[in-house]
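Trainee: Take a look at the letters that make up each chain.
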Amino acid sequence: MKFNYRIIIFAVAIIFGITFSLPSILQTDKGAKITLGLDLQGGLHMLLGVKTDEAVVSRIKSLASSVKHFTDHNDILIDSLSVKESSVVFSLLDSDDTKSLSEFFKKIKGVKVDVKGENYTVSLTQEEIVKTKQQAVTQAIETIRNRLDQFGLAEPIVARQGEDKILVELPGIKTQEEEQRARELISRAAKLELMAVDEDRAARVNTMSRPEASSFGDVILPDAQHKEVKHLVKEIPILDGGMLTDARVGFDKNNRPVISFTLNSEGAQIFGDFTGKNVGNHLAIVLDGKVYSAPVINERIGGGSGQISGNYSVAEAQDLAIALRSGALLAPIYLMEKRSVGPSLGADSIRDSMMALTGGFVLVFGFMIVYYRMAGIIANIALVANLFLIIAIMALFGATLTLPGMAGIVLTVGMAVDSNVIISERIRELLYNGVSMKKAIKEGYSNAMRAILDANITTLIASVVLYAYGTGAIKGFAITISIGILASMLTAILGTHGIYDMLESRVEKSKNYLFWFGIKEK
Amino acid sequence: MEFFRYTRPFNFMGRSKIAIAISIILVLSSYAMLATKGLNYGIDFAGGTIVQVKYKGAAPIDKMREQLKSNPLYDGASITEFGSPQEVVIRMKTSSSSVGQDIGDVTRAALKGSGDFEIRRVDIVGPKVGSELREKGVMSLVLAILGILVYVAFRFEWRFAVASVAALVHDVSISLGAISLVGLDVNLDVLAAVLTILGYSLNDTIIVFDRIREGVVETKELELSEVINDSITRTLSRTTLTSLTTFFVVLTLFLFGGEIINAFSFTMLVGVVVGTYSSIFVASPILLWFGFDIKSYRAKLAEKEKRELEKEKMRAQYEGGVV
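Sequences listed follow chains A and B, in order. Heads up: the first sequence begins at 8 in my numbering, then just goes up one per residue. Heads up: the second sequence begins at -11 in my numbering, then just goes up one per residue.
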């Protein structure tokens, strides 16, 4: 017997296909498996946008905070410090301090200082604005990832998409309650601010309008627990959550959950300085724009720790602590796209497409045997090998099987026999012309090859484009089609040829055209 | 079993005028359909919200409408049966951008008391994403066609490329017309189906073209229309068989694949039929009209072969040290 490299490659391909597709088919614990797309196993897919402009605004505000802290700390007298448009403005009262002030600004990166007489306008450079925006997205991804990790979900995906979008995929979500909790955890800005209450005007808060408050450099914030209560606080926070190092759930003396937080050394110093100077005044603890408590400062608080109390359940307090611990979102996020599929729908989709796959398979299988007899059986062997290969390759590459991907596999079944139809037709043609079976097989393959290659490559071009421009599920479809085409080249062209080579001596002896190729003698 | 045993070529080109007339009528009425009724963009491209609800028994659609009416969020929402009487889809043109608050929860609260139900799917696509997907969709169609054009021109000849692209445009137009006619929601899966049709129809065309190319080089026949007739007849059994197997499979997908895959399989069904037809009756006549000339093609091939030989000779001389 001649050395038949085709059948060896085909056999290797079949063994490879079966070995690596078994974990996916039998759902064993070991080995690489195909990941089911969210549309098949259920889960939550979200595309989030980041409002990067707001990151710039909050950067300006924290710039104002540091100006205030620096001048307070060094007894530099300034007046009418406020945030206007995208810059911090103030006026310097004593020109002797110009030098130390300019040294202070030199130390801060990415700011532009514009001095007109005693009037200062401090703003961010263009590069700094771009950087801040980018940082807001990067930091949001990091933050969301941290929060989801602590939430304890299986394999959450958090990835950047384009300039300012974030893709979040949570395959493990099973119930509506879980989904809701995950969404709340993600969306929570968790922006902690410690703000000074405007003691001089606080009494008038209920009659004050927002523009009026703004004219005093104040803002009106709602209370977190009592909707009707409002607080008047200084617009520029004393410090914000960026200086937070830890947040944990603790319990107060009534055994209600509270969140205790710890500040870093810089934050602790600012906090200590402020509380030292403001004994007897109120300090508002503000979370996500709501005042949680506004206790009176009894003494200087050193050590840099504090507490947020509210009417939480233990679970809520835990989620909040996770959110605070994993950092605030520099910029708010908003929903651009959301797709959530319940697990029962996913199961239905799998069942339906399996049914279509089996139905299509049986039809094509039967048809090929009836029409081509032995050649049909050989083509069917290639078809089965093709299916195993698709599953194996997808499992090894960690590709995701989506609903359109299932459709792609079903479609591959229909189209994969195409190569063998072309080859068999060529062989039949040669047989009609009186060529011997052995020669007909050889020439049939070589005649058909060019057409098959050209046809497959053009389909491949279409699916590569589909992959490059498609999103999510469509990408899955393009992947299965591409893998299907490549695998069918191996099985339907090389594999079947190898089988004929193996059967060569029998083919040569036989004169039974009907048995081999389903045709009557010429 | 044999369906099409080749005996003599059928005169396909003789009937090409009738076929082209049918094609023109179909394509024009598709465009008329698209211009008047238009495509029904689903939420993937237009933005909006879909909530899929499944009841234990038959869905009480009237009661649902009544209950949703009280919430202005559902103004203009359509509530339709989806696949089975138990399942219902609520479609809205609006989309919420709040991450924390969810239309699924709102719907569950709004439908409370209407029966035992489960919310199975909530899809929200914002307007910005929708328009981005639309741009990408058009882009991918154009790029796929361009890529194919370049490949076919490279492997065959420019006239083949133009003819195959004309056939593609023909197939895509008619498929879109059919989608518009039945008022299918055009979503990403329909786009995927259209791109698959592109690949499939081209597959068919290429197989026929390959035969024509072969015929042009090998037969003594100098009349192109005869070569085309012969080539189409010889590939007819393959075209029909592959189309049949694919058609079977897509049909099972259409019948048993479930409601979500329905739009995809419908589009594919139309595409398989139109694609098969066009590879026979649209692509080849165009080749004829563009004045593809056998003699000059053969001359070109001979020229090319001569150049190859010369190159080969030069290389041999160079390597042999003789210049």
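These aren't lab readings, by the way, just hints derived from the structure by calculation. Among these hints, one or two may not hold up.
As the list claims (entries may be wrong) - Straight line, CA to CA, 30 Å or less: simulated BS3-like cross-link-like pairs of lysine-lysine: (1) 181(A) with 51(B); (2) 116(B) with 234(A); (3) 58(A) with 51(B); (4) 138(A) with 299(B); (5) 294(B) with 449(A); (6) 172(A) with 301(B); (7) 116(B) with 51(B); (8) 124(B) with 58(A); (9) 91(A) with 181(A); (10) 68(A) with 284(A); (11) 181(A) with 116(B); (12) 44(B) with 25(B); (13) 172(A) with 124(B); (14) 116(B) with 58(A); (15) 68(A) with 37(A); (16) 181(A) with 68(A); (17) 208(B) with 181(A); (18) 301(B) with 445(A).
Trainee: Work down the list of hints and note, for each, if the structure agrees.
Mentor: Hints versus structure:
Pair hint residue 181(A) plus residue 51(B) holds up; C-alpha atoms about 28 Å apart against a cutoff of 30 Å. Using a Cα cut-off of 30 Å, the hinted pair residue 116(B) and residue 234(A) is violated, with the two alpha carbons roughly 34 Å apart. For a cut-off of 30 Å, the pair hint linking residue 58(A) to residue 51(B) is broken: about 40 Å separates their Cα positions. Between the alpha carbons of residue 138(A) and residue 299(B) the distance comes to roughly 57 Å, so the proposed pair goes past 30 Å and is violated.
Distance restraint check for residue 294(B) and residue 449(A): the Cα-Cα separation of roughly 29 Å lies within the 30 Å cut-off, and the hinted pair is therefore satisfied. With a CA separation close to 59 Å, the supplied pair residue 172(A) and residue 301(B) exceeds the 30 Å bound. Annotation: proposed proximity of residue 116(B) to residue 51(B) is violated, straight-line Cα distance about 34 Å (limit 30 Å). As the CA atoms of residue 124(B) and residue 58(A) are separated by approximately 23 Å, the hinted pair is consistent with the 30 Å bound.
Straight-line distance between C-alpha atoms of residue 91(A) and residue 181(A) comes to about 47 Å, which puts the hinted pair past the 30 Å bound. The hinted pair formed by residue 68(A) and residue 284(A) meets the criterion: a straight-line CA distance of about 22 Å does not exceed 30 Å. The straight-line distance between the Cα atoms of residue 181(A) and residue 116(B) is roughly 29 Å, inside the 30 Å bound, and the hint therefore holds. Using a Cα cut-off of 30 Å, the hinted pair residue 44(B) and residue 25(B) is violated, with the two alpha carbons roughly 36 Å apart.
Between the alpha carbons of residue 172(A) and residue 124(B) the distance comes to roughly 16 Å, so the proposed pair stays at or under 30 Å and holds. Between the alpha carbons of residue 116(B) and residue 58(A) the distance comes to roughly 14 Å, so the proposed pair stays at or under 30 Å and holds. The suggested pairing of residue 68(A) with residue 37(A) is violated, with an alpha-carbon distance near 53 Å, which exceeds 30 Å. Annotation: proposed proximity of residue 181(A) to residue 68(A) is violated, straight-line Cα distance about 41 Å (limit 30 Å).
With a C-alpha separation of about 69 Å, the suggested pairing of residue 208(B) with residue 181(A) is violated against the 30 Å cut-off. With a C-alpha separation of about 36 Å, the suggested pairing of residue 301(B) with residue 445(A) is violated against the 30 Å cut-off.
In the structure shown, a violation is registered for the earlier hints numbered 2, 3, 4, 6, 7, 9, 12, 15, 16, 17 and 18, in ascending order.
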